[in-house]
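> Read off the chains here:
Number of protein chains: 2
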Amino acid sequence: MTSVQAKPQQSAPASPLDELAEMRAGDMEAVNEMILTHMRSDVALIPQLAGYLIAAGGKRIRPLMTLAATALFDGDMTRAHKLAAAVEFIHTATLLHDDVVDDSNTRRGKDSANIVFGNEASVLVGDFLFSRAFQLMVADGSLETLKVLSDASAIIAEGEVLQLSTQNNLDTTLEDYLDVISGKTAALFAAACEVGPIIADQTPQTRTAIRAYGQALGMAFQIVDDVLDYNAAQEKLGKTIGDDFREGKMTAPVLFALQKANAEEKEFWARTIGARDQKDGDLENALTLIQKHDALEKSLNLARKYGQDARAALAAAPDNETKSTLTALIDFTIERGY
Amino acid sequence: MTSVQAKPQQSAPASPLDELAEMRAGDMEAVNEMILTHMRSDVALIPQLAGYLIAAGGKRIRPLMTLAATALFDGDMTRAHKLAAAVEFIHTATLLHDDVVDDSNTRRGKDSANIVFGNEASVLVGDFLFSRAFQLMVADGSLETLKVLSDASAIIAEGEVLQLSTQNNLDTTLEDYLDVISGKTAALFAAACEVGPIIADQTPQTRTAIRAYGQALGMAFQIVDDVLDYNAAQEKLGKTIGDDFREGKMTAPVLFALQKANAEEKEFWARTIGARDQKDGDLENALTLIQKHDALEKSLNLARKYGQDARAALAAAPDNETKSTLTALIDFTIERGY
Chain A
1 MTSVQAKPQQ SAPASPLDEL AEMRAGDMEA VNEMILTHMR SDVALIPQLA
51 GYLIAAGGKR IRPLMTLAAT ALFDGDMTRA HKLAAAVEFI HTATLLHDDV
101 VDDSNTRRGK DSANIVFGNE ASVLVGDFLF SRAFQLMVAD GSLETLKVLS
151 DASAIIAEGE VLQLSTQNNL DTTLEDYLDV ISGKTAALFA AACEVGPIIA
201 DQTPQTRTAI RAYGQALGMA FQIVDDVLDY NAAQEKLGKT IGDDFREGKM
251 TAPVLFALQK ANAEEKEFWA RTIGARDQKD GDLENALTLI QKHDALEKSL
301 NLARKYGQDA RAALAAAPDN ETKSTLTALI DFTIERGY
Chain B
339 MTSVQAKPQQ SAPASPLDEL AEMRAGDMEA VNEMILTHMR SDVALIPQLA
389 GYLIAAGGKR IRPLMTLAAT ALFDGDMTRA HKLAAAVEFI HTATLLHDDV
439 VDDSNTRRGK DSANIVFGNE ASVLVGDFLF SRAFQLMVAD GSLETLKVLS
489 DASAIIAEGE VLQLSTQNNL DTTLEDYLDV ISGKTAALFA AACEVGPIIA
539 DQTPQTRTAI RAYGQALGMA FQIVDDVLDY NAAQEKLGKT IGDDFREGKM
589 TAPVLFALQK ANAEEKEFWA RTIGARDQKD GDLENALTLI QKHDALEKSL
639 NLARKYGQDA RAALAAAPDN ETKSTLTALI DFTIERGY
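Chains A and B, in that order, are what the protein sequence lines are.
Everything in the first sequence is counted per this note's numbering, starting at 1 for the first residue and increasing by one.
Everything in the second sequence is counted per this note's numbering, starting at 339 for the first residue and increasing by one.
Where chain B lies over chain A, by a calculated footprint (3+ residues, C-beta under 8 Å):
1. 42-53
2. 139-152
Reference listing, derived: stretches of chain A covered by chain B, where coverage requires no fewer than 3 residues with Cβ under 8 Å from a Cβ of chain B:
3. 113-124
4. 155-166
Rather than coming from a laboratory, the hints here were simulated on the basis of the structure.
Source: prediction; values computed, not measured.
Virtual Cβ for every residue (Gly too), placed ideally from N, Cα, C.
Could you put together the complete structure from these sequences and hints?
This is the structure we're talking about:
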């Protein structure tokens, strides 16, 4: 299993995310151990499939948020390990179900689990990991964190269903889009962060502030993700672009391009995204229209607004190294969109 | 929405299940109300899809178990309402995901939700209901019931994955089959029952006994369900039979017929269940072989053994009307197989 913590090195870490992972290297190791232990099952297919996805890596940004938000207030890291693992299980369950719902072929640069193990197993192992997340929370024994994470789980599912309703729907508004990403992404970032001050027994005000940091960071994170899917520079780095376009997802870049579209352009979007009738050259044309209307820049400006919210929310935290890194993470989250 | 409680009537109720529903009519109404309230969402597709399945009825046997097991010890019925609704949400989520996994077309005599709303929505609304179940448990506020039901959820998912591995696999043993149904069915019956004595603050011994009742009843219930799928008399009542055969499920009737199969019969099962290469007349031939080897009778004898376990477990309960009805329910569960 790949582990996210950076290897001991002399040079400065590459990003605030790596820096956080390095600061919490021992904790991340404990979280990884917790993940491995709790995905065990006598039913061999379960650790096989779960391990396939979890070994594929990923940035482990959500459990890292739980660790950082606990360390920020000098909270009990042993509790944070359990809850960070629960957060990662919820996220992994969501990914497994997402790939079935989107009929995806790849995830983290490999064939996605539904391709390798089938949709059936992906649905059921997702359910298993979701249950395991709740078992971990029960073992932690706090009804407060159980509430925060069960609320988040319901909101994630709502966001995903809403996304289904907006997909291929040209009438989707920017507000709808923000509702979708608030549910499908920001809710878990917010909950992952809120767990920290709960563990560290902070005031409700502090909890709300750290939750708001996670929520705003999650919004920025998803908007930038959606920008990257139309960023030709990414293609040069060997990453796939255009997945959202092919799936007819109504994301920020398309919404901003649509706002300024002329009649002919509207027809193009109606055919490619609305009717999902796509042919060679359509993605290139979409990229041209997105550039013409400054839609990536407008999307990044929106992300930047959430970045400001995240920064403001962090004022509630004590000044320490973790806070500096969480602050740097905001800019990093946004700048990776360029 | 259809409600399971029997309409007020002078004549005796048709079955111990109806009798239980009648005894707890007010409570079942409260549970139905709780279900309706908690499947609400601003995302319209969620109550539409959830309501479609829940309105289709079903026997509500699992939440009824929670109500009965609480009433058995004169426990707090208000808590039982919440937890019974949580049990039904877990069950409904499982049904939604099952129908996607099995690629089913019908459920409770109507087009299944995946046919009407699509697999994508069925997966995601299942996730939503599952989350709602945990929100209800958190609102109840007992870590003990949260543990019982989160453990059950993980076991259910394990059972479903195991079923996937045994499907179309002629090497499946009776033990494998019992593991599958213990996970996919009996675990939730057991948990639904155990919640009652927890609410009523009974001793660990009593909890274990009532849980054992639910476990054994669930085993008998599923074996009989699997018998009914090969029971030609059911067809005369207008019910579909042969679903398990078409899906290549290794259930008790097939396992008992296989045990006594000659070479030619083994070839037949290998083709139809193992390779899932089926043609007209195959189901009829399967029924003939199952009859030839007394496989339905053998299956029902197995169910009867679990019935005895259930009866023995109930000895721990105080003698009252609920206990009499729960006892009668054991025989009813088995006799419906004829």
